[in-house]
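Work out the full structure, taking the sequences as your base and the hints as a guide.
Those sequence lines, one after another, are chains A and B. My numbering puts the first sequence at residues 1 to 256. My numbering puts the second sequence at residues 1 to 327.
Treat the hints as calculated values from the structure; they're not laboratory data. Because the structure is a prediction, the values reported are computed rather than measured. Cβ atoms here follow ideal geometry from the backbone N, Cα and C, with glycine treated the same way. Do not rely on the hints blindly, as some may be mistaken.
[Unchecked claim] Where chain A lies over chain B, by a calculated footprint (3+ residues, C-beta under 8 Å):
id	stretch
1	106-118
2	131-144
3	184-190
4	252-260
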Amino acid sequence: MKILVAIKQVPLRDSPLHANAAGKWIDDGGLSFEVNEPDAYALEAGLQLKEQHGGEVVVLCAGPERAGQTIREALAKGADRAIHIAADNLEALDTLGSAKLLAAAAETEKADLILTGLQSDDVGAGQTGVVMAELLGMPHSTIIMHAEVKAGGIRVKRELENGWFQHIEMPLPAVLTIQSGSSKLRYATLMGIKKAKTKEVRRLTPAELGGLPAAVASIEKIYTPRKNKQTQIFEGDAKTAAAQLIEKLKFEARVI
Amino acid sequence: MSVLAVLEQSGGQWHRTSWETLAASQQLAAALGQPVEAAVIGTGIHVLAAEASARKLAKVWAIEHDLLDVYTADGYTAALEQLLRKAQPSLVLFPHTYQVRDFAPKLATRFSQVLVSDVIAARSDGGALTLVRQYFQGKLNGDVKVTGDGPVFASLQAGAWRADALENGPTAATVETFVPELSAAQIRQKPEPPFREAARAVDLTQAGIIVSVGRGIKEQANIAVVEDLARALGAELAASRPICDAGWLPMERQVGSSGQTVAPKMYVAVGISGAIQHLVGMKGAKTIVAINKDPNAPIFEVADYGIVGDLFEVVPALAEAARKAKG
Chain A
1 MKILVAIKQV PLRDSPLHAN AAGKWIDDGG LSFEVNEPDA YALEAGLQLK EQHGGEVVVL
61 CAGPERAGQT IREALAKGAD RAIHIAADNL EALDTLGSAK LLAAAAETEK ADLILTGLQS
121 DDVGAGQTGV VMAELLGMPH STIIMHAEVK AGGIRVKREL ENGWFQHIEM PLPAVLTIQS
181 GSSKLRYATL MGIKKAKTKE VRRLTPAELG GLPAAVASIE KIYTPRKNKQ TQIFEGDAKT
241 AAAQLIEKLK FEARVI
Chain B
1 MSVLAVLEQS GGQWHRTSWE TLAASQQLAA ALGQPVEAAV IGTGIHVLAA EASARKLAKV
61 WAIEHDLLDV YTADGYTAAL EQLLRKAQPS LVLFPHTYQV RDFAPKLATR FSQVLVSDVI
121 AARSDGGALT LVRQYFQGKL NGDVKVTGDG PVFASLQAGA WRADALENGP TAATVETFVP
181 ELSAAQIRQK PEPPFREAAR AVDLTQAGII VSVGRGIKEQ ANIAVVEDLA RALGAELAAS
241 RPICDAGWLP MERQVGSSGQ TVAPKMYVAV GISGAIQHLV GMKGAKTIVA INKDPNAPIF
301 EVADYGIVGD LFEVVPALAE AARKAKG
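Here it is as structure tokens:
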């Protein structure tokens, strides 16, 4: 079975973030990057399905040159090959635009299953997989904890709210968005890292995929949110701050 | 032109955020000078539609079909697409639920549009709509403008609008039944009944004080530090999702949209940045204390008291001070 896993490179968690000069996205100069965490779980799910059923795992990633590092890491973990849609300024695209690029690249692969993370840590729209499915005419399901290939399709465990779950069956090919924490992530082995250097990374440009789609939704301005709540912050060394806080909790909030 | 609120129900029960969406629709419709309509989807939903019609709105669409008894992405998308082509709203609002996340992006794509998801505020400047949503897990906000033909689609974050702002109408609104054309063959997802993994042994909703731990704890062995603070305060220990995902604490101790929703008299968040999925589960707490090394962490948005610092220094100091204070 051929499994396509769409991954995204995002700034490291806890990166200091500031708006760029245009005020429409962050200034990413000087930041470090990593794979979007839910996408790491999507890759893990793909690798596990390949181990059970054989076939191939192909990683698909749209991003600037630096995304090549994240692609190599996915190959080192065991993906067989990759497609890199190489372009700068992809943040100007909206979800429909990026899903169009990814779907156009996916068309060239005819995968049995497309996996991606349930959302990205940067934009967090949580839609790329669903929109890709619609553009490709495939069924989909989201927030998936587990997937099991069956005769004629796939049976998935979908997370619902408040601790509920549900099983859903659908035919293949299909698109699933994978929940973080759905399994344990593997590390790349030394052998894997070595092999990754020789694995194929096919480069595509937006022009080869029909061009950069115009955005329907665009960010006018990005900014640090104004605080609505007055938070009393205690400073100084840990001991002093702790003593002041406990006093407030006892005599002002009266909770201890 | 109208503002259409798509309300969520399951098995005849409203999703609690449906009324927040309707309240938001009333407010935005007033700003845009348009009427409000609402849609309810399912089988045998006339009771729910009648209930919705008591609110101040122009019309309730009851989207009725046997194939809509149980939610499927394909069924809901096809039914709503047909309704939208008929009702022609300018703005379609949804509660940002797991279910909406599953089908609304697909629906918007049918109109060459994008769902602006998890919206926290909206304003109309002379009819031009600006939607505000969070980026980078709540660290930044962005003002979003939507262009293009077809309706604007937005899903609203739980708690961003208040259900108690909902206005009732002077008389009941018209309920119009809309029967979409659907066939079983076009619904590719075959859902089974929902289930729960296991009965919860820990009921965090009953706890008076909760001390909750997040990613900042770095490794499992360090949880003992936070556990000791919980003991000192007589609190239940809880966690954000990544901690439970890693297996460092059992799932039943998870607070947030996929875990438990709690409202204790005090909630102490240790090393929790405050992604919205966590905040929705605890922001009802009476007093919120945050301990985090990042002064810009979104948890400080909801905190009453905070210490910015290294939790490995602050938490033991707090435990000691708490023991002293309690005598």
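Hint check results:
no.	hint	in the structure
1	106-118	holds (count 11)
2	131-144	holds (count 11)
3	184-190	holds (count 3)
4	252-260	holds (count 4)
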